[in-house]
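2 protein chains.
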Amino acid sequence: MGRTSDARGKILAAAQSLMEVRGYSSLGVAEICKTAGVPKGSFYYFFESKEALALAVIDEHWAAERSDWTGVLNGDAEPLERLRQLFEATEARQRAGMESCGTVSGCMFGNLSLEMSNQAEAVRKRLQEIFETQVEMVESVVAEAVGRGEATVTDTRAAARSVVAQLEGQVLFAKLYNNPAQLSALWANSLALLGVRASPVPAVT
Amino acid sequence: MGRTSDARGKILAAAQSLMEVRGYSSLGVAEICKTAGVPKGSFYYFFESKEALALAVIDEHWAAERSDWTGVLNGDAEPLERLRQLFEATEARQRAGMESCGTVSGCMFGNLSLEMSNQAEAVRKRLQEIFETQVEMVESVVAEAVGRGEATVTDTRAAARSVVAQLEGQVLFAKLYNNPAQLSALWANSLALLGVRASPVPAVT
Numbered sequence: 000m001g002r003t004s005d006a007r008g009k010i011l012a013a014a015q016s017l018m019e020v021r022g023y024s025s026l027g028v029a030e031i032c033k034t035a036g037v038p039k040g041s042f043y044y045f046f047e048s049k050e051a052l053a054l055a056v057i058d059e060h061w062a063a064e065r066s067d068w069t070g071v072l073n074g075d076a077e078p079l080e081r082l083r084q085l086f087e088a089t090e091a092r093q094r095a096g097m098e099s100c101g102t103v104s105g106c107m108f109g110n111l112s113l114e115m116s117n118q119a120e121a122v123r124k125r126l127q128e129i130f131e132t133q134v135e136m137v138e139s140v141v142a143e144a145v146g147r148g149e150a151t152v153t154d155t156r157a158a159a160r161s162v163v164a165q166l167e168g169q170v171l172f173a174k175l176y177n178n179p180a181q182l183s184a185l186w187a188n189s190l191a192l193l194g195v196r197a198s199p200v201p202a203v204t
Numbered sequence: 000m001g002r003t004s005d006a007r008g009k010i011l012a013a014a015q016s017l018m019e020v021r022g023y024s025s026l027g028v029a030e031i032c033k034t035a036g037v038p039k040g041s042f043y044y045f046f047e048s049k050e051a052l053a054l055a056v057i058d059e060h061w062a063a064e065r066s067d068w069t070g071v072l073n074g075d076a077e078p079l080e081r082l083r084q085l086f087e088a089t090e091a092r093q094r095a096g097m098e099s100c101g102t103v104s105g106c107m108f109g110n111l112s113l114e115m116s117n118q119a120e121a122v123r124k125r126l127q128e129i130f131e132t133q134v135e136m137v138e139s140v141v142a143e144a145v146g147r148g149e150a151t152v153t154d155t156r157a158a159a160r161s162v163v164a165q166l167e168g169q170v171l172f173a174k175l176y177n178n179p180a181q182l183s184a185l186w187a188n189s190l191a192l193l194g195v196r197a198s199p200v201p202a203v204t
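Chains as they are written, first to last, in numbering that gives the first Met the number 0: chain A, 0 to 204; chain B, 0 to 204.
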């Protein structure tokens, strides 16, 4: 079983790296298997369709990213400082991707939302669940900040959704301009969106 | 010449409607010509490549959208009210698209930024120019509002870029949730991003 699960992992890794650069639609099963170095015949042993593979790639990517988000947002720092750390980590991840691949690949979930949500209902639903969870995670920090009198928004869910929308919009610009520094605006933008009147933590330098 | 320019127009219209639903990568020249009802052989008479067609579709789409933006942002209303009208028009356009096609197709420039910017430098450059122009157009309104003491941001360019990023992020959610009402958050978000302390115009109902 070691060999077969290894082949599944190779297909997943190849699909993830191809999807980060080229998206989903232009990929073929043959190309994915060739990149993975596994026989094409074995693909359907592991995945019933290319869409099933896309869902598995999304799930694996989200498991890793969710763990990163949880580590930062459930940390010991003050609530707004944790949000700042999340943006810093996001910028650092895009910068590392650019340094290793030459291009900012952006957010896989944002990329697939625009590319696939009108074409694959199962993918749309999965991406909705992921963004809902992201909004919930941010909301929990926003609610803490409001409880401490550091943020003034009344609808914490809507405010958290606007912060995640701002993140996706700025990641789009980081990808378009191939420049992770676009993300440095996120912190000040989020303070404004959350109705923070004065920065309670040191400004980013 | 009437017939040939008509064929070019049919190819452009078919490509635009296919790209709105399915993006660029998965389209083939044969499919575009079939949808347009023109012989495949005539494609390369009008366009030297599929990428050249994509640029022509982008230019045509932007010419129309730019005219809409100019009409609203250069209008007679007070500056922030013009911004509110821009968001209302954006939401109305997405709603009309959903009513005619069944799905929110989102922003063609945002869609293509995420799908193509790492794969086609000419497209990346054209999309950068379009977003720069959008930011300039919004900035001009923001600067007016700041001059009237209605907005408090100091870096009007950065503030305008954040408003456009917020627009793209909320359009992404509108597409993902197939719900144009996501865009109703844009007005309050933009007031916050522009440092408007109290709404100078009636709130959206």
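If you're looking for bench data, these hints aren't it; they were derived computationally from the structure.
Hints may be right or wrong, so weigh each one.
Unchecked claim - Simulated restraints, written as ranges between beta carbons of each label pair:
1. D5/A - E30/B: 36 to 44 Å
2. G8/B - T102/A: 32 to 40 Å
3. P38/A - A91/B: 27 to 35 Å
4. N73/B - E30/A: 44 to 52 Å
5. E47/B - A88/A: 39 to 47 Å
6. V28/A - T102/B: 22 to 30 Å
7. G8/B - G74/A: 53 to 61 Å
8. T102/A - D67/B: 30 to 38 Å
9. Q118/B - G70/A: 40 to 48 Å
10. A51/A - G27/B: 19 to 27 Å
11. N73/B - G8/A: 34 to 42 Å
Idealized CB from N, CA, C, for every residue including glycine.
- What are the numbers of the hints that this structure violates, sorted from low to high? 3, 9, 11
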